[in-house]
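Chains as they are written, first to last, in the working numbering: chain R, 1 to 278; chain B, 1 to 278; chain E, 1 to 278; chain P, 1 to 278.
Any given hint might turn out to be false.
[Stated by the list, open to error] To be clear about the criterion: a stretch of chain P counts as covered by chain B if any three or more of its residues have a C-beta under 8 Å from a C-beta of chain B, and this derived list gives those stretches:
{"id": "1", "region": "175 to 186"}
{"id": "2", "region": "203 to 213"}
{"id": "3", "region": "232 to 242"}
{"id": "4", "region": "265 to 276"}
[As the list claims (entries may be wrong)] Lysine-lysine pairs mimicking PhoX-like chemistry, simulated, CA-CA at most 25 Å apart:
{"id": "5", "chain 1": "B", "residue 1": "K246", "chain 2": "E", "residue 2": "K82"}
{"id": "6", "chain 1": "E", "residue 1": "K274", "chain 2": "R", "residue 2": "K201"}
{"id": "7", "chain 1": "P", "residue 1": "K246", "chain 2": "R", "residue 2": "K80"}
{"id": "8", "chain 1": "B", "residue 1": "K246", "chain 2": "B", "residue 2": "K70"}
{"id": "9", "chain 1": "B", "residue 1": "K246", "chain 2": "P", "residue 2": "K246"}
{"id": "10", "chain 1": "B", "residue 1": "K19", "chain 2": "R", "residue 2": "K44"}
{"id": "11", "chain 1": "B", "residue 1": "K19", "chain 2": "R", "residue 2": "K19"}
{"id": "12", "chain 1": "P", "residue 1": "K19", "chain 2": "E", "residue 2": "K14"}
The hints are simulated quantities; they were obtained by calculation from the structure and are not laboratory data.
Ideal Cβ positions, reconstructed from N, Cα and C, are used throughout, including at glycine.
4 protein chains.
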Amino acid sequence: MAQYRVLIDANDEKGLVYKVSSIFFNLNLNMVSNSEFVDRVNNKFFMRSVVEGDIDAAALRKSLVEILPKKSNVRVIEPKNKDIVIMATKEMHALGDILVRHEAGELDANILAVVSNYDILEPFVSKFNIPFITVSHEGLNRAEHEEKILKTLEGFENIDYIVLAKYMRILTPRFVEAYENKIINIHHSFLPAFIGANPYKQAYERGVKIIGATAHFVNNNLDEGPIISQNVIQVDHAYDWQDMQKSGRDVEKVVLSGALKMALEDRIFVYANKTVIF
Amino acid sequence: MAQYRVLIDANDEKGLVYKVSSIFFNLNLNMVSNSEFVDRVNNKFFMRSVVEGDIDAAALRKSLVEILPKKSNVRVIEPKNKDIVIMATKEMHALGDILVRHEAGELDANILAVVSNYDILEPFVSKFNIPFITVSHEGLNRAEHEEKILKTLEGFENIDYIVLAKYMRILTPRFVEAYENKIINIHHSFLPAFIGANPYKQAYERGVKIIGATAHFVNNNLDEGPIISQNVIQVDHAYDWQDMQKSGRDVEKVVLSGALKMALEDRIFVYANKTVIF
Amino acid sequence: MAQYRVLIDANDEKGLVYKVSSIFFNLNLNMVSNSEFVDRVNNKFFMRSVVEGDIDAAALRKSLVEILPKKSNVRVIEPKNKDIVIMATKEMHALGDILVRHEAGELDANILAVVSNYDILEPFVSKFNIPFITVSHEGLNRAEHEEKILKTLEGFENIDYIVLAKYMRILTPRFVEAYENKIINIHHSFLPAFIGANPYKQAYERGVKIIGATAHFVNNNLDEGPIISQNVIQVDHAYDWQDMQKSGRDVEKVVLSGALKMALEDRIFVYANKTVIF
Amino acid sequence: MAQYRVLIDANDEKGLVYKVSSIFFNLNLNMVSNSEFVDRVNNKFFMRSVVEGDIDAAALRKSLVEILPKKSNVRVIEPKNKDIVIMATKEMHALGDILVRHEAGELDANILAVVSNYDILEPFVSKFNIPFITVSHEGLNRAEHEEKILKTLEGFENIDYIVLAKYMRILTPRFVEAYENKIINIHHSFLPAFIGANPYKQAYERGVKIIGATAHFVNNNLDEGPIISQNVIQVDHAYDWQDMQKSGRDVEKVVLSGALKMALEDRIFVYANKTVIF
């Protein structure tokens, strides 16, 4: 029997759970799991159900759209591997964590390629039989370089998510708009602290006692996109910024991989520059 | 408009969410929040909804019972302060945390009394204008002492929860059965590690690097009741067991107060010696 | 036998541990514990020893000053209760946590008074037989109000630390200078995120997945003083800002009380707007 | 200039820091860092200094031994890559984490080989150009199988540490004695909870709200060796034991790699079935 993930966000009104569940019931679908949330401030309803039964996705979606308020978003997704591209620069830890999970069969994803502005990580990525594409930025301005990357990405039939696994260049609005809510970045601080360059150095100079990492969708404001996941570790006066950087890697990779997992399992809603995660 | 907490646990079958939400819809009730969980292993369905509308609790409950599978448990609870009794022995931190929260208006509870086998805490409790009842165990065997405590408790019209805020005596099956799933204890270790007496000393001797605390309902097997909440802190070789005990107090009190909050908000289901918490 | 805490910070040079420990050895003092740290970036040496033996503090200090580099700071402190004043506004949790610890004998401190700009907390504080002093700000400008508080504080013979347990007014440079490195504040965010007013509201609006608290010494830049201690808890989309505020209280109080403990035990060095904590 | 790690454990007596630091001073060595701890219960002194200067290790050690109490342990270690062997069975995450760190140059170690009782991980390990040695246990009893592994290990000139990265077979006393305090294991629970097989299943059945991982040296009692490092994550009722297992992997790998790092940096003392870690 087919299984579907049904994701609904709508303006809230009385009876939405009843209406949706009646569709499931009438189509003889079994609800494997179900989560709801109502944002009272914005009067928004969010629901994620996993259902199984004998029907196709289009028919299910049609039935739901008919009974839901206008302008509702309804996604009916058949669970399968998503197509992802990873972008990286020089660091191996976050990238490596994803590659090992992929190798271990833990990720519901096809890694189409790793794209980098350097060729440093090529030998490493090649071990995993994953295409490595170097798009050097040398001699190019930001727009020209991005143009080449966009061209490269357009070569793929489908991209569900682009994972910035310590890709150390800022993306322009043009790039971000092309992949809205599809670009997941790991920032090496607990945002909104230490936006921008070298957050560990900033953290060291501020004398903080915890450092962290933040996975977020990328939008047009640097490090200000919707946050998916965050975590921290304790540090003390004996850490210089390089020590913080080393210790921070463990948080970065776990937070990024965790956020990617949520995305691959279609657990994330983006709304009002925030995320609702079931 | 009245607001109710509806808690349902039932054998799982297709359409339960539909059936329940149709009752809410037909009675013109608004679902303020809703959580569900299906335990696949035991085929058990759990649901907690907060609804508001113009109906009384008994009528709502009756409607739900009619459409749910036989042997379902249906509770319709009107939010109000619960009646609790706190039992303590000599330590002030867990008790004090609850008393301060109560004073600050953070607890949806009436504290009927603090009952202790010593009078040590009486001056402290008296500051808060809460009755303090000493039931000394001196010269009594366990059964006799408990008999006196049970008598004391029977003096109260209603007790929703008994909170053991570091009450250092073991309760007999008779006592536990009289207040099944109503006694919340804080154990000063991350259970099931270090069951029994002086867990900090056990932890010190084992050389652990984390210590913790566990809030659980009390059943007939010492420290083996359903776990509500746990948390831990890091320690190192420089901690002797008294240091662990001191540091552990902060975890104990926060974990116990957190578990009590869940209970007062009717968020806990007990099933198969575990808890489902929404 | 007398016990002393010896705290030294000095420009680093070869042989400092040798020189200090030779003084201890020659004076027949036993080192109960010892911690050192060298800040390589600033070439600064920090040392905290607990020693016991038959000598007075002044003699010990004199011996140490003679062998250490010029401009070294040498403190020889006899462990005893410190004199503290708590300042609060309306909230009870952080204040209450300190009062209960004090009552339980956990704090090496005499609480001289609680000073507040409102009288709201007076009934609560009075339970603990601690003087409560209301210095209302009504009808006064900031300078005038602070002047009255400073006058009040000058009435005490000695103040080792002023603890701002959710005192919701900003202190002027004049006040801060009068009690340099003696004022400990709890800020309800993981600084430097969410400086300023209502950090929980800011956190909610940013959609963070962790919230925290920071205990720090107060300096002339709002929320930018040397950080003593920080901690965080996880939140999710279901928390509105009031929920964050409620949950945050548990972190605030534990972080503030922990920082106070470090201060009372003379474990903190302040240097370059940071803390070294042994 | 040469740099040395000096590790001393001795029966405590007055003047040890003075004596050791006087040796350093007289040999014109600079103390780069220094940590001490006195275990009052067992009257044991522990010290780890990093010194730099113009002397050889043997001469330094000789000087120290002469002035320290008899039966003191004195190690003078020149920092260099340690030789390690990894043992694994079928799981990739803990092994992969170490291999990626090694590849990234984060580990001060030469990985001599990965030894396994299955050949499942061979393709994965081979990517990293590290010898993979299968020693199948099929048709062999425990003693015979271990004999073959010991023979394999004896083929290496030197082994500083054996890392059990989810090696799922129990080692006999004979094996353990051959590599005393050199075998680091990751156990997938917060020991001493859930000793033995399938701790995640045990944790699920107990209904815990936190799960964890423990890195420890292996001794002759299953899962009872000296603990190096532990960490935990929160779980809830929605986790079945396979979910716990999946989530637990992130803790396991980070805890194991962290413990290995401590070992490679010579930061661990083993004493009284515990560890002192600087």
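Results for each hint:
no.	hint	result
1	175 to 186	violated (count 0)
2	203 to 213	holds (count 6)
3	232 to 242	holds (count 5)
4	265 to 276	holds (count 5)
5	K246(B) with K82(E)	holds, 20 Å
6	K274(E) with K201(R)	holds, 14 Å
7	K246(P) with K80(R)	holds, 19 Å
8	K246(B) with K70(B)	violated, 50 Å
9	K246(B) with K246(P)	violated, 34 Å
10	K19(B) with K44(R)	holds, 23 Å
11	K19(B) with K19(R)	holds, 11 Å
12	K19(P) with K14(E)	holds, 16 Å
Hints 1, 8, 9 from the list above are not met by this structure, while the remaining hints are.
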